[in-house]
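Asker: One letter stands for each residue in the lines below.
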Amino acid sequence: MSTEPLLSVQGLTAHYGPVRVLDDVSLDVPDRGLCAVLGANGAGKTTLLRTLTGLHRATSGRVLLEGEDLTRLPAEKVITRGLAHVPEGGGVIVELTVEENLRLGGLWRSDRRDRTTFDEVMDLFPPLVERRTKSASTLSGGERQMLAIGRALMARPKVLLLDEPSLGLAPLITKQIFTLLRDLRDHTGLTVVLVEQNAAGALSVTDHGFVLNQGRVATEGPSEGLLADDRTRHAYLGF
Amino acid sequence: MSQPTTQRDKRTAAPSGSDRTPPKTPRASSWASMPLPVRHLLLAVLGLVGVTGLLFVTGDLTALRIAAVGYTMLAVAGLQLLVGGSGQVSLGHGAFMMIGAYTMALLVLHQPMLPLAANLGIIVVVSIIAGIAVGAATARLHGPYLAGATLILAVGLPGLTHRYHDLLGGSNGLNIRTAGAPPFLQDLLSTSEWRALVVWTTVVIGLAVLATISSGRLGRRMRAIRDDETAAAMAGVPVGKTKVVAFVIASTAGGLAGGLQAYVLGTVTPSSFTLVLSLTLLAALVLGGIGSLWGALWASIAIVYLQIWAGDLAGAMNLSRDAENNLPIVFFGVVLILVLRFWPLGVHGALQSLRARLRARES
Amino acid sequence: MTHFINLTLNGLASGAAYAALALSLVIIYQATRLVNFAQPALALVAVYAAYTVTQLTGSYWIGFASALIVGMAAGALVERVIIRPIAKTSQLNAIIVTLGLLLVIQGGVGMVWGNEQHGFRYAFSYVGRFSPADTFALVSVGVVALLLFAVYRFTPFGLRMRAAAFHPESARLSGVKVGLMLTAGWGIASFIGALAGMLAGPPFLSPNVFDVVFVFGITAAVVGGLDNPFGAVIGGLLIGLGMSYVSGYLGPELATLSALAIVVIVLSVRPDGILSRPTARKV
Numbered sequence: 001m002s003t004e005p006l007l008s009v010q011g012l013t014a015h016y017g018p019v020r021v022l023d024d025v026s027l028d029v030p031d032r033g034l035c036a037v038l039g040a041n042g043a044g045k046t047t048l049l050r051t052l053t054g055l056h057r058a059t060s061g062r063v064l065l066e067g068e069d070l071t072r073l074p075a076e077k078v079i080t081r082g083l084a085h086v087p088e089g090g091g092v093i094v095e096l097t098v099e100e101n102l103r104l105g106g107l108w109r110s111d112r113r114d115r116t117t118f119d120e121v122m123d124l125f126p127p128l129v130e131r132r133t134k135s136a137s138t139l140s141g142g143e144r145q146m147l148a149i150g151r152a153l154m155a156r157p158k159v160l161l162l163d164e165p166s167l168g169l170a171p172l173i174t175k176q177i178f179t180l181l182r183d184l185r186d187h188t189g190l191t192v193v194l195v196e197q198n199a200a201g202a203l204s205v206t207d208h209g210f211v212l213n214q215g216r217v218a219t220e221g222p223s224e225g226l227l228a229d230d231r232t233r234h235a236y237l238g239f
Numbered sequence: 001m002s003q004p005t006t007q008r009d010k011r012t013a014a015p016s017g018s019d020r021t022p023p024k025t026p027r028a029s030s031w032a033s034m035p036l037p038v039r040h041l042l043l044a045v046l047g048l049v050g051v052t053g054l055l056f057v058t059g060d061l062t063a064l065r066i067a068a069v070g071y072t073m074l075a076v077a078g079l080q081l082l083v084g085g086s087g088q089v090s091l092g093h094g095a096f097m098m099i100g101a102y103t104m105a106l107l108v109l110h111q112p113m114l115p116l117a118a119n120l121g122i123i124v125v126v127s128i129i130a131g132i133a134v135g136a137a138t139a140r141l142h143g144p145y146l147a148g149a150t151l152i153l154a155v156g157l158p159g160l161t162h163r164y165h166d167l168l169g170g171s172n173g174l175n176i177r178t179a180g181a182p183p184f185l186q187d188l189l190s191t192s193e194w195r196a197l198v199v200w201t202t203v204v205i206g207l208a209v210l211a212t213i214s215s216g217r218l219g220r221r222m223r224a225i226r227d228d229e230t231a232a233a234m235a236g237v238p239v240g241k242t243k244v245v246a247f248v249i250a251s252t253a254g255g256l257a258g259g260l261q262a263y264v265l266g267t268v269t270p271s272s273f274t275l276v277l278s279l280t281l282l283a284a285l286v287l288g289g290i291g292s293l294w295g296a297l298w299a300s301i302a303i304v305y306l307q308i309w310a311g312d313l314a315g316a317m318n319l320s321r322d323a324e325n326n327l328p329i330v331f332f333g334v335v336l337i338l339v340l341r342f343w344p345l346g347v348h349g350a351l352q353s354l355r356a357r358l359r360a361r362e363s
Numbered sequence: 001m002t003h004f005i006n007l008t009l010n011g012l013a014s015g016a017a018y019a020a021l022a023l024s025l026v027i028i029y030q031a032t033r034l035v036n037f038a039q040p041a042l043a044l045v046a047v048y049a050a051y052t053v054t055q056l057t058g059s060y061w062i063g064f065a066s067a068l069i070v071g072m073a074a075g076a077l078v079e080r081v082i083i084r085p086i087a088k089t090s091q092l093n094a095i096i097v098t099l100g101l102l103l104v105i106q107g108g109v110g111m112v113w114g115n116e117q118h119g120f121r122y123a124f125s126y127v128g129r130f131s132p133a134d135t136f137a138l139v140s141v142g143v144v145a146l147l148l149f150a151v152y153r154f155t156p157f158g159l160r161m162r163a164a165a166f167h168p169e170s171a172r173l174s175g176v177k178v179g180l181m182l183t184a185g186w187g188i189a190s191f192i193g194a195l196a197g198m199l200a201g202p203p204f205l206s207p208n209v210f211d212v213v214f215v216f217g218i219t220a221a222v223v224g225g226l227d228n229p230f231g232a233v234i235g236g237l238l239i240g241l242g243m244s245y246v247s248g249y250l251g252p253e254l255a256t257l258s259a260l261a262i263v264v265i266v267l268s269v270r271p272d273g274i275l276s277r278p279t280a281r282k283v
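Chains as they are written, first to last, in this note's numbering: chain A, 1 to 239; chain B, 1 to 363; chain C, 1 to 283.
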């Protein structure tokens, strides 16, 4: 691990109305890291991602990417700094075609006419190639998740945040997607942060895990360690 | 001005007032034990006594304005039941006023022997029928669709006066003459005062009925539909029927108000019932506060007196006739936008929250 | 038979204006889920601006251009200053605010230009069966509709507009400035609304000249489905034809009320319009 973290969250606090959903959350993600954020329903995982990418306003605390402060940036600017977010369910726009969804992801880039990123992303997801001109509404759940990840990759991000990519998918597809994320990290150097309910699956592919409980980081450590620690598993992860 | 007396009784009659904790004095508890319709009727009588008193201390011109506040208030209160109660936005309220007004004019012209009370009764029946027709046709429409359909009604209905020119008088409309005070009161009351009294008698009865409805089962059903139509339907509220009934009640109040207007002004023209009238009623309602019957009083005073003040202002500033006529319209538009932007509960809501804040500081 | 053909041709020409107005309503509805009752008022400002510019410069076409520009600017301004803060609160509030805007603008136009009628010329001669003015109406609306389709369908800007309208959050996460897209949508819609006004306004302008046009425009939008731009154009032409026949055979006073009947019947059968995709009920 390098000394300087790529993504650094420092004392992040966020509210929904009067309810404090994130309470002084601090975590560091190293460059080329593959991390899981785990926790029960309502632990604040989704809010953490939404606050990181500016969809939700932080009450206090800072979000740094390569030392640059992103805390007050709106979501449409955060992506241009290299922090991509695949929301829960993928956020695929079903009224657009597969290709339009993908192109949308790279539209803000000045080199958007360059086809290389598009071709690279297409190579990652063979099922999408034949559906290129079809409406995204015709895709299966797994294909939608692929499309969502592909759209995020079109922005050539430094860090990819994913909110429950396994939600509603068959175990086999989930495994495929997890493996894909690992390959992406290994081959392109992408840093990945994975929010998951499916703790066992997520810990088996990631190298580091954070466990959120009631808006706080309850514990963190190498994924194998968390998997082996019965106390953590029983207290927070439920398996 | 008519606020002090009427304000007090309307506040208690308003649905929002019913959650107030009853004082512990014996008289108040016997008041609370009375059935709601009786309470509303007593308050109505009280309001009428107040208006009568007011008529004696003011002049003839003010009497006409008091009458105007009266029928406008009835129209706004009907719209309130619809918009505030069941959450339906109707832009066709002016159309129902037109139906009432023309019914009154036709009855006076063609059946001059009928007493006024019978005319008002017939207007109620006609308005109910019209309300059922439009309400049933639009019952399945929601939100922008209902607003759009009723807007078409408001724009289209005045055209009928040209279609049936001989009967309805085209753009010149109809002029009627109605009797003044009965002989034994003629020394006591001028014609305008008598008319104001007739208007307010009808209005307070109408308001008592509206207040009773909105605090009863129907009112609760309507509010359930306003808050969440699907949830209300699942809880067993007959959504379609309730919406139609709300629409019919509102149209009846509008029709009656139109009839009273024709009675007071002695003239009906299609140009008095344009889309702008419906929009103004809605604007005034929002200004007064959508949730409470009590806000209807503010609204109607605003409508009547803004017209007058705009005239005075235009006169003082040497503005043209066009400016004078359009000033109240612009004002209501601005009010509508500003109130919703900064004060979504209307003036009445703002006053209530102010009162709550003051009370919180006291304790 | 000649009567019928004349009515058909007239209906198509006036239908072009209704189609343009319906299109402007649909663009805003798609982007904001809001029926913009102030659309005729925005068109009113644009057309009165054209009237004044034409008077000053003596050129109809400079006036025409300024109508489109004023309309576009007014629409964008209204979205930014008035609609955006309100739209978050509730749909009812947003509808009422557009009605307030309608009152303000109609009254304001009356104060500035007066309530009496002003003569206002057509773009071209309106004499004869299917006159040059009629042709211009159909062609201009057709060109604008095609252009709009091409921009939305084939340009990056159009892709951003659609993404922002269909799924604002995903659009933002993809770097689309959704707020800017909304403003642009209102600008484009009001540009087309101003075109409708320039076609439907003549021969006389008065502050409520567009009340009836708006009735037909909203009927067309409802018939076509509020979120279907193609439906709006087709609905506009159909309503133009229908109203022309009603006016010709039954009398012009009945046109608005028959529009009401059409709206009610269409919505009773298909609550989201004839050409609209059925959508799941939100609970």
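Think of the hints as simulated: they come from the structure by calculation, not from any bench. Note that the Cβ used here is the ideal one computed from N, Cα and C, for glycine as well. Take these hints with a grain of salt, some might be off.
[As the list claims (entries may be wrong)] Pairs of lysine-lysine, DSS-like flavour, derived with a Cα cap of 25 Å: (1) A:K77 x C:K88; (2) A:K77 x C:K177; (3) C:K177 x A:K158.
[What the hints assert, rightly or not] Partner residues are not named here, just some residues of chain C that face chain B (Cβ under 10 Å, in silico): (4) N93; (5) V127; (6) R129.
Asker: Which of the stated hints cannot be reconciled with the structure, identified by number in ascending sequence?
Answerer: 5, 6
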